[in-house]
Every structure is written in C-alpha cells, then in structure tokens.
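Those protein sequence lines, which keep their order, are chains W and E.
Numbers 1 to 301, taken from the working numbering, label the letters of the first sequence in order.
Numbers 302 to 747, taken from the working numbering, label the letters of the second sequence in order.
Calculated directly from the structure, the hints in this document are not laboratory data.
C-beta atoms are modelled at their ideal positions from N, C-alpha and C, and glycine is treated no differently.
Where hints are given, some of them may not hold.
[As the list claims (entries may be wrong)] Pairs of lysine-lysine, DSS-like flavour, derived with a Cα cap of 27 Å:
hint : chain 1 : residue 1 : chain 2 : residue 2
1    : W       : Lys221    : E       : Lys451
2    : E       : Lys746    : W       : Lys25
3    : W       : Lys263    : W       : Lys286
4    : W       : Lys54     : E       : Lys436
5    : W       : Lys38     : W       : Lys156
6    : E       : Lys618    : W       : Lys279
7    : E       : Lys451    : W       : Lys201
8    : E       : Lys746    : W       : Lys132
9    : W       : Lys43     : W       : Lys149
10   : E       : Lys661    : W       : Lys132
11   : E       : Lys746    : W       : Lys54
12   : W       : Lys221    : E       : Lys618
13   : W       : Lys118    : W       : Lys25
14   : W       : Lys263    : E       : Lys618
15   : W       : Lys201    : E       : Lys436
16   : E       : Lys436    : W       : Lys25
17   : W       : Lys186    : W       : Lys286
18   : W       : Lys229    : E       : Lys436
19   : W       : Lys229    : E       : Lys451
[What the hints assert, rightly or not] Listed below are several chain W residues computed to face chain E (Cβ distance under 8 Å; list not exhaustive):
hint : residue
20   : Val24
21   : Lys25
22   : Ala62
23   : Pro64
24   : Lys94
25   : Ala95
26   : Ser97
27   : Trp184
28   : Asn187
29   : Ser293
30   : Leu294
31   : Gln296
32   : Glu297
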Amino acid sequence: MRRFFALILVGIILLTSHLAQAEVKIFACEPEWEALAKEIGGKNVKTFSATHAKQDPHHIRARPSLISKARNANIIFCSGADLEIGWLPILLQKASSSVQPGEIGYLMAADYVPILEKLSQVDRSMGDVHPKGNAHVHLNPHNILLVAKELTRRLKIIDEPNNNFYQAQLDNFLSRWGTAISNWEKNDFSAKKLKLVVHHKSFSYLFDWLNIKAVASLEPKPGIAPTTKYLQSLLINLKHKPANLIVRTPYEPSDASEWLSDKLKIRAIVLPYTINGDKESDNLFKLFDRTVSLLQEVNYD
Amino acid sequence: MIKKHLSGYVILILLFSSNHAMSASDKDINTLRSEIQNMKQLYEGKIAELESKLDKVKENQDKSIAITNSTGKRKALGKTFNPSIGLILNGKYNQFSSGSSEIAGFAVGHEGERSREGFTVDHTEFNFSASIDDKFFGSITSAIAEHEGKTETELEEAFIQTLPGFGLPNGMSIKAGRAFWTLGYLNEHHSHTDDFADRPLPYRIFLNEGYNDDGVQISYVLPTDLYVEVGAGGFRGDDFPFGSAAETGIGAWSAFGRVGGDISNNQSWRLGASIVSGEADGSRTSNEDLLTYTGDTDLYVADVRYTYAPTGNGREKELILQGEYFSREEDGIYADSEASTGNVIFDNSSSGWYGQAVYKFNPRWRLGARYSQMNPANVPSGLVGSMLDANGHDPKAYSVMVDWTNSEFSRVRFQYNQEELTEGIDDSQFTIQYVMSFGAHAAHKY
Numbered sequence: 001m002r003r004f005f006a007l008i009l010v011g012i013i014l015l016t017s018h019l020a021q022a023e024v025k026i027f028a029c030e031p032e033w034e035a036l037a038k039e040i041g042g043k044n045v046k047t048f049s050a051t052h053a054k055q056d057p058h059h060i061r062a063r064p065s066l067i068s069k070a071r072n073a074n075i076i077f078c079s080g081a082d083l084e085i086g087w088l089p090i091l092l093q094k095a096s097s098s099v100q101p102g103e104i105g106y107l108m109a110a111d112y113v114p115i116l117e118k119l120s121q122v123d124r125s126m127g128d129v130h131p132k133g134n135a136h137v138h139l140n141p142h143n144i145l146l147v148a149k150e151l152t153r154r155l156k157i158i159d160e161p162n163n164n165f166y167q168a169q170l171d172n173f174l175s176r177w178g179t180a181i182s183n184w185e186k187n188d189f190s191a192k193k194l195k196l197v198v199h200h201k202s203f204s205y206l207f208d209w210l211n212i213k214a215v216a217s218l219e220p221k222p223g224i225a226p227t228t229k230y231l232q233s234l235l236i237n238l239k240h241k242p243a244n245l246i247v248r249t250p251y252e253p254s255d256a257s258e259w260l261s262d263k264l265k266i267r268a269i270v271l272p273y274t275i276n277g278d279k280e281s282d283n284l285f286k287l288f289d290r291t292v293s294l295l296q297e298v299n300y301d
Numbered sequence: 302m303i304k305k306h307l308s309g310y311v312i313l314i315l316l317f318s319s320n321h322a323m324s325a326s327d328k329d330i331n332t333l334r335s336e337i338q339n340m341k342q343l344y345e346g347k348i349a350e351l352e353s354k355l356d357k358v359k360e361n362q363d364k365s366i367a368i369t370n371s372t373g374k375r376k377a378l379g380k381t382f383n384p385s386i387g388l389i390l391n392g393k394y395n396q397f398s399s400g401s402s403e404i405a406g407f408a409v410g411h412e413g414e415r416s417r418e419g420f421t422v423d424h425t426e427f428n429f430s431a432s433i434d435d436k437f438f439g440s441i442t443s444a445i446a447e448h449e450g451k452t453e454t455e456l457e458e459a460f461i462q463t464l465p466g467f468g469l470p471n472g473m474s475i476k477a478g479r480a481f482w483t484l485g486y487l488n489e490h491h492s493h494t495d496d497f498a499d500r501p502l503p504y505r506i507f508l509n510e511g512y513n514d515d516g517v518q519i520s521y522v523l524p525t526d527l528y529v530e531v532g533a534g535g536f537r538g539d540d541f542p543f544g545s546a547a548e549t550g551i552g553a554w555s556a557f558g559r560v561g562g563d564i565s566n567n568q569s570w571r572l573g574a575s576i577v578s579g580e581a582d583g584s585r586t587s588n589e590d591l592l593t594y595t596g597d598t599d600l601y602v603a604d605v606r607y608t609y610a611p612t613g614n615g616r617e618k619e620l621i622l623q624g625e626y627f628s629r630e631e632d633g634i635y636a637d638s639e640a641s642t643g644n645v646i647f648d649n650s651s652s653g654w655y656g657q658a659v660y661k662f663n664p665r666w667r668l669g670a671r672y673s674q675m676n677p678a679n680v681p682s683g684l685v686g687s688m689l690d691a692n693g694h695d696p697k698a699y700s701v702m703v704d705w706t707n708s709e710f711s712r713v714r715f716q717y718n719q720e721e722l723t724e725g726i727d728d729s730q731f732t733i734q735y736v737m738s739f740g741a742h743a744a745h746k747y
C-alpha cells in the first residue's frame with residue numbers, strides 16, 4: 001500500500017514538473033472552437049475537443065476523460081449561451097480557478113457575438129429553449145472573426161512571452177478569413193427561393209448570414225424529438241407552403257428527414273455543421289466552402 | 302456593399318499597376334505584384350475587421366460583459382439564478398404478489414424495505430444550490446416522504462464545497478456537511494437519476510439506500526491525462542451501516558480511488574474502489590427495531606461503469622453497463638429481540654453484487670435488465686433461527702424495466718421484479734413510476 005502511494009506521489013511530481021513547461025492547453029467544447037484555437041494558437045497551444053461531429057453538444061456525459069482534460073486546461077473554450085449547461089458545470093467544479101466563469105481562461109463564444117432568437121419569456125413547455133438565445137453561433141463567419149480576436153486577446157495575456165506570435169497568427173488568419181468571406185458572399189441566395197426545413201435550430205446563424213429562410217423545423221419544440229403525429233401535421237402544412245430542401249446536422253437522426261423527403265419528393269441533405277461533419281470539412285475554411293457549395297447546388301438546381 | 306466597391310478599386314489599382322509596371326524588369330513586377338497582393342489581403346482583412354467592429358458596437362449597446370478578475374464577486378456556477386431551485390416529483394403504483402418481503406440473513410433498515418403497495422408518492426425532493434461566493438458552493442436537498450402514515454421531512458443533503466477559487470491545489474476540493482458521499486457508483490447519485498425504480502439489493506441492505514452521514518470529504522483529481530481521482534473522508538458514524546454515534550469524534554472514515562477514460566470515440570468507462578469503515582458505539586437498530594448490532598463494520602465496494610454510443614450521439618442510442626460488488630465485515634454483537642437470542646458475538650463477512658444493462662434504442666425509449674444477489678454470513682450458533690439466519694438461502698432479485706423519456710425533465714417507467722429474498726417466498730412485483738423535475742436541474746454526473 002505504502003509503495004503504491006509513493007508511486008502516485010512520484011507520478012504527480014513528474015507530471016507537475018512536466019506541466020510547467022508545456023504549451024497553453026485549450027479545452028474546446030466543440031470541434032469548431034478547437035479548429036479556431038489551432039488557427040490562432042498554432043504550435044504554442046495543445047487543443048482538445050470534448051465532442052466530435054457525430055455528437056449532439058447539448059447532450060454529452062461529463063465523462064471521466066473530460067474531467068481530467070478540463071482539470072488540466074488553461075482555457076475552456078465553448079459556445080456558451082447554455083449550450084453546454086448539461087455537462088460543463090460538472091467539469092468546471094474540478095477545473096482550475098483560472099478557467100471559472102468570469103476569469104481569463106473561460107471563453108464563451110456567445111458572449112462576443114450578436115445573439116439570435118433571444119427570448120424574453122421562457123417556459124419549459126416551449127421545449128428545451130434557453131433565454132440566452134440560440135447558441136449555435138459559429139456558422140456565421142463574421143462571428144468567427146469576433147471570437148478569434150477575443151481568443152487572441154486572452155492568449156496574449158495567458159502566454160505573454162508569445163504575445164507577438166499570437167498577433168501575427170491573428171493578422172494572418174484575419175486576412176485569409178476576410179478573403180474567404182468575400183468569396184462566400186459572392187453566392188447570392190436571396191434572389192433564389194431556397195426554403196428549408198431544419199431538424200433543430202442549429203443553422204440559424206448560417207441562414208441569417210446568407211439570407212436563407214427556414215420555413216419549418218422537424219422538432220415540434222426545440223430539443224423535443226420529432227413525433228409521428230407532429231410530422232403528419234407538418235406534412236400537411238408543407239403542402240400549402242412548399243419547401244425545397246431538408247437539412248440536418250451529422251448528429252441528428254436521419255429517419256424524420258428521410259421520411260419527409262420521401263413524402264414531399266424534395267431532397268434531404270446533411271450539412272457538415274462542424275469540423276469533420278463530412279470528409280471534406282476538415283478545417284474552418286473547408287467547412288464553410290462545403291456548406292455554401294452544398295446549398296448552392298440546390299439553389300441553382 | 303462597401304466591400305464590393307472596395308474590391309473593385311483594388312482590381313483597378315491592380316490593373317493600373319500592372320500596366321504601369323510594363324516597362325520595369327520582371328523582378329520589379331513580381332515585387333509589385335506581391336505588394337499589391339498584400340495590400341489586397343490587408344484591405345479585405347481590414348474591411349472585415351471594421352464590419353465586425355460595427356457589429357460588436359451594436360451588440361454592446363444592449364449588453365455589457367465584464368471580464369474581471371475581481372475577487373469577492375458572486376459568481377454563479379453555470380447557473381444564471383442564485384440560488385437555483387429544483388423540485389423532483391416522484392410517484393409510483395406498486396403491486397406485489399407476496400404479503401411479506403423479509404430479506405433473509407440481513408439486518409435491513411427502514412429505507413431498504415420494499416416500497417408501499419398501491420399508489421404512493423415516493424420521495425418528493427427539494428433542492429436549493431448556489432455558489433455562495435467565489436470560494437464556496439452550497440447545496441441543500443430535503444425530501445418529503447411518508448413513513449407509517451406520518452409525513453416526514455428528511456434532510457438528505459446539506460453541504461458546502463470549496464470552489465476552485467478557494468485556492469486549494471488544482472483539482473482538489475473539500476466537501477463538508479451531510480451529503481451522499483463518494484462510495485461505489487450509485488451512492489453519490491440521487492435516486493431520481495437511477496435507471497430502475499428501486500435500488501439494487503446491496504444498496505438496500507448494506508447502505509439503507511444510500512450513505513449520507515455527517516462529515517467531511519476531500520478529493521483530488523490528478524493532473525494526468527487519464528482520469529484518476531482519489532479521496533478520503535471522515536464522518537460521524539451515524540448513518541447505516543453504522544449505528545448511532547455514542548460519543549463525539551470521528552466514528553467512520555472512507556477512502557476511494559477512481560480511474561476512467563475513453564476507448565476510441567464513442568465508448569467510455571470508469572472503475573472505482575472504495576472503503577468505508579466505522580463502528581457503532583451506540584447500537585444500530587434495524588428490522589423494525591427488532592435487531593440490534595453494536596460493533597465495527599468495514600464495507601469494501603468495487604464499481605464499474607461503461608457507456609457506448611453506437612452512432613456517436615448518445616442521445617439517440619446508448620448502451621450502459623454497470624455493476625458493483627460489496628463485501629462487508631462485521632465484528633461486534635448482534636441481538637434479535639424477537640427470537641430472544643440475547644447478545645451474541647458475531648465476527649463474519651457477507652457480500653452482495655448487482656449487474657445491469659440499459660439500452661436506449663430510441664431517443665425516448667430505454668430497456669433495462671438487472672440482477673442482484675446477496676451472500677449472507679454464516680451465523681454463529683447463538684443466532685440460529687434468528688433473522689440473521691438465512692437457512693442457506695441467497696437472496697436474489699431479477700428486474701426488467703422499460704422507460705419513456707419525454708424530455709430530460711420527465712420520465713415514466715414500467716418495471717417488473719422477481720424477488721426471491723427468503724427461502725420459499727417468491728415475490729412478483731409490478732411498478733409504474735413517474736419522475737419529473739422542474740425548476741433548475743443540475744447537470745448529471747457520469
């Protein structure tokens with residue numbers, strides 16, 4: 001027994017000494033923020049994403065691996081606006097004091113961008129809605145810019161010696177991202193009649209940016225899984241008010257959208273939604289390239 | 302709009318520059334080109350920057366966010382309201398085939414007995430919790446339950462816990478007061494989060510549903526990549542499996558260790574080992590006050606949990622396997638007043654375990670099966686024929702359940718139990734249960 005404890009002690013000492021010289025550790029709640037952290041932090045950061053594209057970021061277990069990753073993180077970088085309310089608080093309880101709400105290492109993207117769908121009155125009968133508004137903020141590339149700047153500001157404070165490095169990384173990113181935005185914005189969606197049915201309100205920021213209209217949602221209420229009864233009534237409604245595309249995220253089940261697609265004879269597609277949401281979308285630039293081109297395909301059909 | 306104009310200018314400049322540079326050397330042309338390229342990128346970057354600044358200014362008009370490092374400020378731990386208030390409504394309808402449900406060979410506390418037959422409002426829980434300031438978190442859970450026709454309020458939990466802002470080393474936390482302490486898997490969870498309508502046999506028998514003594518516990522998450530958490534506690538020794546503490550001081554202590562991690566993308570696991578040890582200086586009464594025990598109790602627990610989300614998204618489909626093994630050593634004196642055994646010296650061990658599988662095959666529906674079994678101690682001659690004499694029978698229970706979850710706040714469950722707790726008595730139990738919550742709903746542990 002005594003030997004076992006001695007072994008643990010030695011382990012702790014070794015690891016702590018190792019930690020002192022390590023890079024800035026960024027714990028991202030979602031893959032898009034991990035990708036952004038890599039863009040800005042480059043070789044000076046070590047990133048980890050708590051979720052992958054096939055996981056619904058609302059519903060994650062505060063599993064053991066996340067506790068240890070969050071505990072060792074210098075920055076906790078998430079969407080915020082209560083998206084991670086079901087699991088992040090547990091991780092924070094065991095994390096360091098510098099990543100607690102209000103501290104320098106606690107970065108919630110939703111705090112730095114204009115929020116859509118804010119509700120003044122919330123009741124649970126409305127489904128799983130949050131008074132803070134829609135948290136899926138990353139699909140408007142202008143939001144990425146805003147968050148990139150805030151992340152850089154934080155990195156410059158946390159890792160002061162590399163101040164210039166982060167500024168250069170940001171400048172480089174801003175110029176490439178700015179160019180990319182103007183390219184994406186050459187696609188005009190407003191003229192054409194793209195009318196979408198979404199699964200959950202996961203794409204509101206994308207549609208707001210591109211001037212696309214979502215006419216219906218497969219979920220009867222946010223966070224409430226589609227029911228047969230609701231889908232039947234949706235089908236009737238959509239016959240009067242036609243839609244021409246159904247979109248969902250890679251983590252949302254396909255059955256409801258496939259069923260509706262079959263009944264309405266319109267296409268149902270998966271938009272990548274986040275990094276590695278499909279095999280093409282392996283960084284932020286390609287995520288938007290791919291998303292815009294998938295929508296464009298239908299728009300000019 | 303502005304942007305399109307500007308990019309037009311950039312192109313004009315570009316054209317002009319390239320014409321102008323015709324007469325220059327190739328090297329000059331290249332230099333100019335790259336400069337223009339740089340200018341262009343800079344422009345577009347700046348424009349985007351300006352646009353976003355504009356957005357930000359607009360945003361800031363109706364919102365003020367302050368990132369401060371000031372201490373002494375009240376900070377909510379993931380909650381907007383302070384305090385957060387939550388209520389759990391829990392009701393059941395039970396039907397049993399057997400009139401009695403004695404558990405052979407064990408001292409069983411009140412909470413460990415089977416639930417009441419017919420309609421019953423089980424524990425109705427009230428929870429208040431909040432960050433007290435930047436250094437402490439506090440939580441109170443009380444339950445209103447009915448016992449033999451009387452409505453009782455039980456203080457299930459009332460604890461404070463240090464927040465990371467307290468200044469302990471990273472990953473370390475101290476909890477004091479009354480709480481469902483870290484022991485095995487289920488103990489620190491409130492029963493409304495359980496996957497079955499009742500607790501498995503070892504919890505009912507060894508812990509009277511759960512160990513929530515008064516005391517203090519320290520825990521530490523190691524700075525390793527693999528999750529490793531160790532901890533220890535000191536308690537009054539006033540709650541099952543211990544008796545009433547006769548004197549002041551620490552009557553019981555505990556220690557635990559846990560490791561856990563992920564296997565590829567969609568599986569995770571956790572293994573734990575714990576011990577809780579103490580003495581009943583005063584006596585512990587059980588079995589409707591007919592059985593008393595005075596002495597030392599050591600309880601060892603090993604627990605394992607594994608989750609697997611076949612599609613990656615655990616909300617859609619998920620398999621959860623869970624099991625715990627208990628071993629208890631008792632060294633003291635038992636007395637069964639019904640069998641008039643008098644005081645009998647007892648130094649023996651008993652054990653119990655359960656294993657369960659729950660499969661979510663649809664976002665709303667889950668199926669589960671559980672098996673629990675107990676192995677009673679061999680009784681000394683003085684206790685033959687007493688309640689502790691199981692007559693060679695190992696109590697066991699089979700359970701199957703199906704539950705429907707409308708949202709994370711409401712769940713309805715159907716459960717069937719086949720309990721063989723005493724030689725020759727088989728009890729078929731059918732339960733319909735609802736568990737609903739409103740108000741704040743704390744994030745769930747793994």
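Hint by hint, here is what the structure shows:
1. W:Lys221 with E:Lys451: 41 Å, violated
2. E:Lys746 with W:Lys25: Roughly 24 Å between the alpha carbons, so the hint for Lys746 of chain E and Lys25 of chain W holds.
3. W:Lys263 with W:Lys286: 32 Å, violated
4. W:Lys54 with E:Lys436: 37 Å, violated
5. W:Lys38 with W:Lys156: 15 Å, holds
6. E:Lys618 with W:Lys279: Holds: Lys618 of chain E and Lys279 of chain W sit about 23 Å apart, inside 27 Å.
7. E:Lys451 with W:Lys201: Roughly 49 Å between the alpha carbons, so the hint for Lys451 of chain E and Lys201 of chain W is violated.
8. E:Lys746 with W:Lys132: 24 Å, holds
9. W:Lys43 with W:Lys149: Answer holds: Lys43 of chain W to Lys149 of chain W is near 18 Å, not above 27 Å.
10. E:Lys661 with W:Lys132: Violated, because 30 Å separates the two Cα atoms, which is more than 27 Å.
11. E:Lys746 with W:Lys54: Holds, at about 21 Å.
12. W:Lys221 with E:Lys618: 20 Å, holds
13. W:Lys118 with W:Lys25: 32 Å, violated
14. W:Lys263 with E:Lys618: Since the Cα atoms of Lys263 of chain W and Lys618 of chain E sit roughly 26 Å apart, the hinted pair holds (cutoff 27 Å).
15. W:Lys201 with E:Lys436: Given that 27 Å is the threshold and the Cα spacing comes to 37 Å, the pair is violated.
16. E:Lys436 with W:Lys25: Roughly 24 Å between the alpha carbons, so the hint for Lys436 of chain E and Lys25 of chain W holds.
17. W:Lys186 with W:Lys286: Roughly 16 Å between the alpha carbons, so the hint for Lys186 of chain W and Lys286 of chain W holds.
18. W:Lys229 with E:Lys436: 50 Å, violated
19. W:Lys229 with E:Lys451: 44 Å, violated
20. Val24: With a minimum Cβ separation of about 15 Å from chain E (threshold 8 Å), the hint on Val24 of chain W is violated.
21. Lys25: Since chain E brings no Cβ nearer than about 11 Å to Lys25 of chain W, farther than 8 Å, the hint is violated.
22. Ala62: Hint on Ala62 of chain W: holds, closest Cβ of chain E at ~5 Å, below 8 Å.
23. Pro64: Hint on Pro64 of chain W: holds, closest Cβ of chain E at ~3 Å, below 8 Å.
24. Lys94: At about 5 Å, which falls below the 8 Å cut-off, the nearest Cβ of chain E leaves the hint on Lys94 of chain W intact, so it holds.
25. Ala95: Given a least distance of 6 Å, the restraint on Ala95 of chain W holds.
26. Ser97: 4 Å, holds
27. Trp184: For Trp184 of chain W, the interface hint is violated, since the closest Cβ of chain E sits about 12 Å away, which is over 8 Å.
28. Asn187: Since chain E brings no Cβ nearer than about 13 Å to Asn187 of chain W, farther than 8 Å, the hint is violated.
29. Ser293: 21 Å, violated
30. Leu294: Given a least distance of 21 Å, the restraint on Leu294 of chain W is violated.
31. Gln296: The hint is violated - Gln296 of chain W has no Cβ within 8 Å of chain E, the shortest such distance being about 19 Å.
32. Glu297: Since chain E brings no Cβ nearer than about 24 Å to Glu297 of chain W, farther than 8 Å, the hint is violated.
In summary, the numbered hints that this structure violates are 1, 3, 4, 7, 10, 13, 15, 18, 19, 20, 21, 27, 28, 29, 30, 31 and 32.
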